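In order, the protein sequences belong to chains Z and X.
Residue numbering for the first sequence follows this note's numbering, starting at -6 and increasing by one per position.
Residue numbering for the second sequence follows this note's numbering, starting at -6 and increasing by one per position.
It is possible that part of the hints are untrue.
Since copy identity is lost for identical chains, a pair holds within one copy or between any two.
Stated by the list, open to error - In silico DSS-like links for lysine-lysine, alpha-carbon gap of 27 Å or less: (1) K100 to K4; (2) K47 to K100; (3) K100 to K10; (4) K4 to K47; (5) K31 to K100.
Note that these hints are calculated values from the structure, not bench results.
None of the values given here were measured: they were computed from a predicted structure.
Number of protein chains: 2
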Amino acid sequence: MRTRGEVMQSKILAVLKHADSALSAYDILEALRDEFPKIAPPTVYRGLAALTEKGSVHRVESLNSFVACTNHNHDHASIMSICDDCGSVEENEAPKIFDDLSGLLGKTGFDAHRHVIEVHGVCAACGDQDNAS
Amino acid sequence: MRTRGEVMQSKILAVLKHADSALSAYDILEALRDEFPKIAPPTVYRGLAALTEKGSVHRVESLNSFVACTNHNHDHASIMSICDDCGSVEENEAPKIFDDLSGLLGKTGFDAHRHVIEVHGVCAACGDQDNAS
DNA sequence: ACGCTTGCGTTATGTTATAACGAAATATAC
DNA sequence: GTATATTTCGTTATAACATAACGCAAGCGT
């Protein structure tokens, strides 16, 4: 039982890859409605869960939405920088910060499993635009 | 018009302070239902918005819920360590990590406004318990 | 006192997410 | 190769989280 859900997963991933911002599960649902008129939320959420597990999609917790992973190495945690102006989400790597964090919390006896680092602000493009005006 | 909403805000804050984990807005709603039988979601959300603005409450993005600030200085961003076992949420300060983050993103032209750092894992108490068993 | 401004409570609804179940597809036993 | 077990999927329904909009009431200025 290998390939049944994978069709839907690749469709979902394709939708996310073509988007230029994070999409909610219901945005994805809408996007797939043309091709799958009877698609329902659990189908999308199941696909997203599988993709997230693999690391090819990340959930953006502070937006309740999802982005395609833009790294070649999917086996990593990321820092998400989220432009509150244009909605773009960039993925940044910074292993050192994750290590610092785990170390810091380790001192208090906390065993870190999953890091959520999301930074809201204004991206370079939007910042330039503001300066120009 | 000074004191009308503040009563509700202090009630909400009291509920959060007595909780030993993060509460959703609807948990708070339930807790206040005894005293205010007709209370509705917007009342709670408005109170939470005001308290969050002041810094006396923090939203935990990855849990869609809220905790009372445990720091004396409310004017700061925090690192939340969230125990997936018992649900406890600890607030940790680490200005250096925020600086590192802002610096790192600044290099890409990103202007950081708000940091969300939430670490899921297992707290000291729950870790000890697991070892003991 | 009268009207102006502000923000609150309420109703209604929008958005995000999942439980539960039956049907279909694949695998396993014999 | 058929019967049975197992997994996964679509579907229905509903739960959980959040806010728009409006009217009323409280405080304020005159």
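Okay, the hints, checked on the actual structure:
1. K100 to K4: Neither way: K100 and K4 sit 44 Å apart in one copy and 34 Å across, limit 27 Å.
2. K47 to K100: neither (30 Å within a copy, 30 Å between copies)
3. K100 to K10: Between. Shortest inter-copy distance 25 Å satisfies the 27 Å Cα cut-off; intra-copy 39 Å does not.
4. K4 to K47: within (15 Å within a copy, 43 Å between copies)
5. K31 to K100: Neither: 51 Å inside a copy, 46 Å across copies.
Figure legend: structure checked against the earlier numbered hints; hints not met, in rising order: 1, 2 and 5.
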